[in-house]
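**Student:** Construct the complete structure from the given sequences, taking the supplied hints into account.
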Amino acid sequence: MAVVEISIVPVGTQSSSLSEYVADCVAVLREAEGITYQLTPMGTIIEGELDRVLEVVRLMHEQPFAKGIGRVVTTIRIDDRRDKKLTAAGKVAAVEARLND
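For the sequence shown, this note's numbering begins at -1 and goes up steadily by one.
Everything labelled a hint here was simulated from the structure, so no lab data went into it. Be careful, since some hints might not be right.
[What the hints assert, rightly or not] Using 20 Å as the maximum straight-line C-alpha spacing, the simulated EDC-like pairs for lysine to aspartate or glutamate come out as follows:
#	residue 1	residue 2
1	K83	E94
2	K83	D99
3	K82	E45
4	K83	E31
5	K82	D49
6	K83	E3
7	K83	D49
[To be verified] Label-pair distances were calculated between CB atoms; the ranges are:
#	residue 1	residue 2	range
8	R69	R96	37 to 47 Å
9	G10	R80	15 to 25 Å
10	G68	N98	44 to 54 Å
11	I67	L97	37 to 47 Å
Glycine residues also receive a C-beta, built at the ideal position from the N, C-alpha and C atoms.
**Tutor:** In structure tokens, the structure reads:
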């Protein structure tokens, strides 16, 4: 299981607000099977099998182009742990446990 952080920024929009484009990308996640996600103020955290996550990331990246945007900058960070199950909640819990020691 991979935990992936993604940020998609369309370049050259008519407005400084990007919520319309973010909503289109999140709509892709809502339809994606085998994926869980958490929208954050600065990006989105996605959990799932790496191959499936990368398929969905590609679909998300394409969304602004479908609305006529000519340039999109997508930043992806991947944490792919294969020795044990990895989740975003588990990563946070591990840090919080150390803080409470």
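**Student:** The structure should be examined with respect to each hint, and the outcome stated for every one.
**Tutor:** Against the structure, the hints come out as follows:
no., hint, result
1, K83 - E94, "holds (18 Å)"
2, K83 - D99, "violated (23 Å)"
3, K82 - E45, "holds (14 Å)"
4, K83 - E31, "holds (19 Å)"
5, K82 - D49, "holds (18 Å)"
6, K83 - E3, "holds (17 Å)"
7, K83 - D49, "holds (16 Å)"
8, R69 - R96: 37 to 47 Å, "holds (41 Å)"
9, G10 - R80: 15 to 25 Å, "violated (39 Å)"
10, G68 - N98: 44 to 54 Å, "holds (49 Å)"
11, I67 - L97: 37 to 47 Å, "holds (41 Å)"
When each numbered hint is compared with the structure, violations occur for hints 2 and 9.
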